[in-house]
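Dock chain B against chain A, hints included.
Which chain is which? The protein sequence lines are A and B, in order. Residue numbering for the first sequence follows our numbering, beginning at 1 and increasing consecutively. Residue numbering for the second sequence follows our numbering, beginning at 1 and increasing consecutively.
No lab work stands behind these hints: they were computed from the structure. Glycine residues also receive a C-beta, built at the ideal position from the N, C-alpha and C atoms. Don't take each hint at face value.
If you want the ones that stay clear, here's a sample from chain B, every Cβ over 12 Å from chain A, calculated [stated by the list, open to error]:
hint, residue
1, Ser6
2, Ser21
3, Asp80
4, Ile146
5, Ala189
6, Tyr245
Stretch-level coverage of chain B by chain A, calculated; a stretch enters the list once three of its residues show a Cβ under 8 Å from a Cβ in chain A [what the hints assert, rightly or not]:
hint, segment
7, 130–139
8, 206–220
The chain contents come next:
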Amino acid sequence: MNTQPPVRLKLEDAAIGFDQESPLLESVDLEIRAGEIVGLTGRSGIGKTTLLRTAAGLVSPLSGSVECCCTADTRAQKGAIGLIPQRLGLVQHQTVGYNVLMGALAGANFLQTALSLPSKKMREETRSVIEEVGLADKTLDSVNRLSGGQQRRVAIARAMLQEPDLLLADECLGELDAETARGIIDLFRHMADDHNMAILIVDHNPVRAKTFCDRVYQLRGRRLILFEEEEQSSALPIIGEVSA
Amino acid sequence: MNERISDSIRLIIRRPILRTSIILGIITILVTNHLQITIWKLVDGWSNLLKLGSEALPPDFTVLTERAGWTYPPCTFESDMLCSPAVVGMTQTLEIAFLSTVFGMLISLPLAAMAASNLSPYWISQSVRQILAALRVLPSLIWALIFVIVVGVGPLAGVLAMTMYTIGYLGKLQYEALEGVSKEPLEVARAMGLPRWQVARFFAIPEASNALISQALFMFEYNVRHGSVIGLVGAGGIGWYMNHYLSPFQLYDKVLALIIIMFVVVVLIDQISLQIRKRFMDQEIYPPRALWRNIVPFFPLRGGE
Chain A
1 MNTQPPVRLK
11 LEDAAIGFDQ
21 ESPLLESVDL
31 EIRAGEIVGL
41 TGRSGIGKTT
51 LLRTAAGLVS
61 PLSGSVECCC
71 TADTRAQKGA
81 IGLIPQRLGL
91 VQHQTVGYNV
101 LMGALAGANF
111 LQTALSLPSK
121 KMREETRSVI
131 EEVGLADKTL
141 DSVNRLSGGQ
151 QRRVAIARAM
161 LQEPDLLLAD
171 ECLGELDAET
181 ARGIIDLFRH
191 MADDHNMAIL
201 IVDHNPVRAK
211 TFCDRVYQLR
221 GRRLILFEEE
231 EQSSALPIIG
241 EVSA
Chain B
1 MNERISDSIR
11 LIIRRPILRT
21 SIILGIITIL
31 VTNHLQITIW
41 KLVDGWSNLL
51 KLGSEALPPD
61 FTVLTERAGW
71 TYPPCTFESD
81 MLCSPAVVGM
91 TQTLEIAFLS
101 TVFGMLISLP
111 LAAMAASNLS
121 PYWISQSVRQ
131 ILAALRVLPS
141 LIWALIFVIV
151 VGVGPLAGVL
161 AMTMYTIGYL
171 GKLQYEALEG
181 VSKEPLEVAR
191 AMGLPRWQVA
201 RFFAIPEASN
211 ALISQALFMF
221 EYNVRHGSVI
231 GLVGAGGIGW
241 YMNHYLSPFQ
251 LYDKVLALII
261 IMFVVVVLID
271 QISLQIRKRF
281 MDQEIYPPRA
291 LWRNIVPFFP
301 LRGGE
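The following block holds chain A by itself, in its conformation from the complex (with noise of 0.2 Å):
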């Protein structure tokens, strides 16, 4: 028999943005399942963060549906959604413990996180997953003092402890360096394969993500365009446009 591994997140006919007179997108289709690595690409302020941020229920959309992790809803279930944000979300001046911790919350009863008491278990997977990142080392420094490749992988191990079935995730790979982001790449990978989730990413850099993510979606003129569809070549009028 086969069968498809569930849908995580399904956009149909959305329109997305915060005026109903010029919505930033139109008629946006998608649908993502479990296991797939996603990226979405487009040049600076056509929309990408407004999308993610949508999908992740922080805003509505205008029109259309959007539906996460098997809800006809906006709101998904608790700890159903990770998001990494673009400037990754970590709480100042707290360790790489505390940080990835948070991930943990989502799954924590009421007495644990009202007396502020963790299981040994979630402890005990909150050291593996800082171990898993490379950053044992640094779990008591606050995050303020990591380089932007270490914060990465902080804002990752904590979607990791989380485990959420839809992971969106902002520019994760902007000004890394090729070896950092093949780092991170590679935990993305390790998260959709070994861990069954579906992974949203945008990059700026539609032919990096194609070696990565399983399709490439692109912004333009208010549509999602499948890139696969467009020519290699296509890529550069992109940049193109931003510097006109």
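Then chain B, alone, in the frame of chain A:
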């Protein structure tokens, strides 16, 4: 002649500084007249000042060494110095300031989270802001008067009065700090589907922790300074002992000694608090350390565990 007057008026109208000075001068004269303040009253006061000076100087520092049998609550130490009005009074003032800062902060922090517009719905945030504003309307001295009537003379009235004022004042500082935190950690928490109290407790408050600690220290300083005044209406602290010397006996030399001691202690506390606050505020000079986890630990992670 008429031309000269009209020229002068034109000059005044053209020069804004002259115009403003004349208007301010007229208002000052009118207000002084209304309050019946005259230069003669000031001259009469000069002789009183000289009399006060002669009675107050030199200050009588026996307030630091002589045992006072009339302290409230009664002092049980053997040492006379520890039971002197200056030591007992100043200790009480510090204790009142400490308790009111702790109680005030415990109550104001959840209220501030409710008042912060980025953490609460509009109607809750506006309602709580009104409550905090109402608490700030009355100065601590009036709160002290009210609580002396309610619970009687003594430090309890002082603690209650200063706590009420602390909630109103600190609450405002705190909700402004919480509103200033970066929105991204809060969005991460919201996307995770966490309830509002967890967003505030685990994301917003730790993010604003440096500002919150600094504000609490500032509030302690403030409460020490104002805790000295509320004793004058019977709400405990060094002010109460000053009032004891003032009202029936007019022992101005002892009062002056108490004022000097209070001044020294307040300046010392200001300096210590300033140094500690610098650690949290000057982030360029002192790279911030994760100190908040030592104060309000959540899921403490020890390296060796």
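To see whether the hints hold, each was checked on the structure:
1. Separation of serine 6/B from chain A is adequate, the least Cβ-Cβ distance of about 60 Å exceeding the 12 Å criterion.
2. No beta-carbon of chain A comes within 12 Å of the beta-carbon of serine 21/B; the shortest separation is about 50 Å.
3. The beta carbon of aspartate 80/B sits about 47 Å from the closest Cβ of chain A, which is more than 12 Å, so the claim that it is off the interface holds.
4. With a cut of 12 Å on Cβ distances, isoleucine 146/B stays outside the contact zone with chain A, its closest approach being about 35 Å.
5. The Cβ of alanine 189/B sits about 8 Å from the closest Cβ of chain A, inside the 12 Å cut-off, so the non-interface label is violated.
6. Interface exclusion of tyrosine 245/B from chain A stands, the closest Cβ pair being 48 Å apart, more than 12 Å.
7. Only when three residues or more bring their CB closer than 8 Å to a CB of chain A does the claim for the segment 130–139 of chain B stand; here the count is 0, and the claim is violated.
8. Chain A is given as covering the segment 206–220 of chain B, and this holds because 4 residues of the stretch bring a CB closer than 8 Å to a CB of that chain, at least three being needed.
Checked against the numbered hints listed earlier, the structure breaks hints 5 and 7; every other hint is satisfied.
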